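Asks: Sequence:
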Amino acid sequence: MINKFTFLCRVGWATYPASVPLWDPSTGKLADFTTNFSFTIDTGNMSTYGHGLTFFLAPAGYQIPPNSAGGFLGLFNTTTADGIGGDHHHHQYSTSGSNQLVHVEFDSFSNPEWDPPTEHVGINVNSIASSVYTPWNASLHSTDNVLVSISYDSKAKNLKVDWSYEKSSAYKESVTSLSYKIDLSKVLPQWVTMGFSAATGLYGARHRLNSWEFNSTLDT
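In the UniProt record's numbering, the protein residues as written are 1 to 220.
Don't take every hint at face value.
[To be verified] The calculated DSSO-like cross-link candidates involving lysine-lysine, where the alpha carbons are at most 27 angstroms apart (straight line), are:
#1 Lys186 with Lys29
#2 Lys181 with Lys29
#3 Lys181 with Lys160
Keep in mind the hints are simulated off the structure, nothing from the lab. If you're wondering where the values come from, they're calculated on a predicted model, not measured in any experiment.
The whole structure should be built from the sequences, with the hints applied where relevant.
Replies: Structure representation (structure tokens):
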């Protein structure tokens with residue numbers, strides 16, 4: 001995610017090296033957490049580019065799936081991509097399936113099999129299809145530093161993402177925040193791997209993670 005060349009059909013990850021406790025099974029207590037990060041996508045002045053960057057939470061030890069480039073964003077493949085062919089507004093997710101993944105995606109290429117018909121920011125729960133999304137356009141902010149804050153309120157069971165830009169304007173975007181109510185203890189294990197994934201497909205872009213900090217209330 002930091003090299004100076006654009007490679008097609010590639011995946012890059014950056015993860016925290018240790019597993020992180022998300023909830024306490026003895027008390028049922030969930031962590032409150034906040035993560036702040038910044039990233040840059042360089043679309044190279046191309047009219048079509050892809051595919052985007054995500055912040056994700058997955059079971060401890062989760063590895064990059066094989067064949068997960070392009071619209072799979074380094075998190076899924078054809079075997080695990082629940083939601084393909086379904087209605088991305090009303091898809092169901094399984095808490096007992098193989099997909100124990102929650103992620104926030106800055107998706108710069110619309111895959112019609114599971115995406116809305118636009119580039120978007122989405123919150124995804126155990127699925128490649130977003131549970132909630134808002135339109136977003138990477139080319140309007142190409143090479144700009146995107147400043148992101150993601151927070152989870154364990155009492156309200158609310159996952160929220162806010163974003164802004166260092167230089168470019170968001171005047172063409174009516175929304176720069178997104179939230180979704182979810183009990184993370186029902187969809188993720190006690191210990192998780194957290195970090196970032198980015199992918200290119202037949203179209204490319206340069207994805208760079210510039211900074212990251214994370215704070216959580218749950219200690220073991």
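Asks: Of the hints stated earlier, which fail here?
Replies: none
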